[in-house]
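Protein sequence lines, in the order shown, are assigned to chains S and G. Per the working numbering: the first sequence = residues 1 to 250. Per the working numbering: the second sequence = residues 1 to 237.
By construction, these hints were calculated from the structure, which means they are not laboratory data. This one's a predicted model, so the numbers in the text were calculated from it and none came from an experiment. From the three backbone atoms N, C-alpha and C, an ideal C-beta is built for every residue, glycine too. Check before you lean on any hint, since a few could be wrong.
List of simulated lysine-lysine pairs, DSSO-like, C-alpha gap at most 27 Å [unchecked claim]:
| id | chain 1 | residue 1 | chain 2 | residue 2 |
| --- | --- | --- | --- | --- |
| 1 | S | Lys-170 | S | Lys-246 |
| 2 | S | Lys-170 | G | Lys-142 |
| 3 | S | Lys-101 | S | Lys-246 |
| 4 | G | Lys-12 | S | Lys-246 |
Derived contacts from chain S toward chain G, CB cut-off under 8 Å, selection only [said to hold, decoys possible]:
| id | residue |
| --- | --- |
| 5 | Arg-37 |
| 6 | Val-163 |
| 7 | Leu-166 |
| 8 | Leu-168 |
| 9 | Ser-220 |
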Amino acid sequence: MRWQPTGLLRLDAKQATRDPMLGLALCAPVLLLLLLRFGLPAAGQLLEAELGFLLTDHEPLLLAFFLQLVPLMLGMLTGFVMLEERDERLIGCYAVTPLGKRGYLAYRLLLPFILSLLFTVFLLLAGGLRTPPAAESSAAVMLYALQTPLFALVLAAWADNKVEGLALAKAAGITVLTPAAAAFIPWPWQLTAGVLPFYWPARLIMGAAGNEGAGGWMHSPLLAALMGLVITGIWFVAVYRVYERKVESR
Amino acid sequence: MPGAPILFYDIKLQMRHGFYTAYGLICGIYILCLYFMPASMRETANVLLTFSDPSALGFFFIGGLVLLERGQGVYDSLFVTPYRLEQYLISKTLSLTLLSVLSAVLIHVAVFGFTAGAAVLAAGTILTSVFFTLLGLGVSVKSRSVNGFFFLSSFYSLPFMLPLLSYGGWIGAERWLFGWLPTWGSLVLLQSAFQPASAGMLIQACLVLVFWSVLAFWWARRQFARYVLSAIGEGKQ
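Can you make the complete structure from the sequences, with help from the hints?
Shown next as structure tokens:
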């Protein structure tokens, strides 16, 4: 059984040279890093000179913002690969190979998950921004990486074709503003953003900075990490059900 | 207008695919963000936001639209009818431009009210959207997947982002440096929704946008004729 996923991986590698899907996936974090290391300091100087606005005051917010771009981009990329394979009726072909429908799904979701894990760690370490303690950082990285397969699955489950996928990606992409909710909406009210799985890793990243003075178990990083896992899990189960129904109906 | 039925069809198709629902949601969230933002930043934010999202939405969507129709073999039957390639390109462009201008005006009016500037903003959005959608049509022909389209389109759009540098106030003589780029015209028009620019600037902005749109139309038509029409009937789209 072992050769099938590697076969698909080889196919993807070949595809990457012809159709720049994986190529783009590999370029994206480098671009993000360049933006973080060079674009951000320049923008910071400009904002300080023009508006007297200190960007460094909002470092945790910026870090959370940049980190979540990784799962958003990779998730979207993966989602479109899956939608196009369905538009071209390739999933049915994979289904009759020993890989099977589940093997196909596992492979499609596992690779971007691992890539996100690597890329978020890379951005966290090389980005040059202040990072939270190791425990909070690791939990946040894990939660962010989990958003990648979730976002891809959302696209594959709800969109009927790539055009609907685009509309959905556009609407779902607005979750990019979630860290702003954690930073600017006052305390118990911001918890409404907690139905979005992106909220919890953002809290972990901004934790210490987000709620100066506030303490107690409600604000503990452990609770945020657990809540993140639970909310992400609920989303996965719900979206997977929709996905299965969609795949079975074809 | 001979192309009207196909235009309505395109709009209906975009509604059915959820474009209008998606933009309803996005507009709502943008309005909330602008509303809660410090008043000093609101105008600049509205200009940059209109430029980067509603004005360019055609560029985002057109790749998928073309790829889907191509994959379904729509072109095989479409272009053997009296329906012309030019009508196809215009209908795609105008239908997406409608969504652009509706979103841009909705956001502006909800935050700033019915101002005289709203009309200039609408004009800026229409011209920008026409240009970007036509550019996207030209790019889409050569891509084989949505991701491929995004990859290619980022290269094509990068030079047009240059005027944004001057918008930040980095380069003083931006009119002489960037004044020939369509996006310079977009920013001038969108900005004049708040601070009216001189007549000379406005005329230059419109001319440069119209010129580039005509150029993009010509290029998109050539790309389609070369890569799509020639492949029809050969089964190798």
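Tested hints:
1. S/Lys-170 - S/Lys-246: Holds - the C-alpha atoms of S/Lys-246 and S/Lys-170 are around 21 Å apart, at most 27 Å.
2. S/Lys-170 - G/Lys-142: holds, 23 Å
3. S/Lys-101 - S/Lys-246: Since the Cα atoms of S/Lys-101 and S/Lys-246 sit roughly 13 Å apart, the hinted pair holds (cutoff 27 Å).
4. G/Lys-12 - S/Lys-246: holds, 24 Å
5. Arg-37: violated, 18 Å
6. Val-163: The hint holds - S/Val-163 has a Cβ within 8 Å of chain G, the shortest such distance being about 5 Å.
7. Leu-166: holds, 4 Å
8. Leu-168: Hint on S/Leu-168: holds, closest Cβ of chain G at ~7 Å, below 8 Å.
9. Ser-220: Violated, because the Cβ-Cβ distance from S/Ser-220 to chain G comes to roughly 28 Å (cut-off 8 Å).
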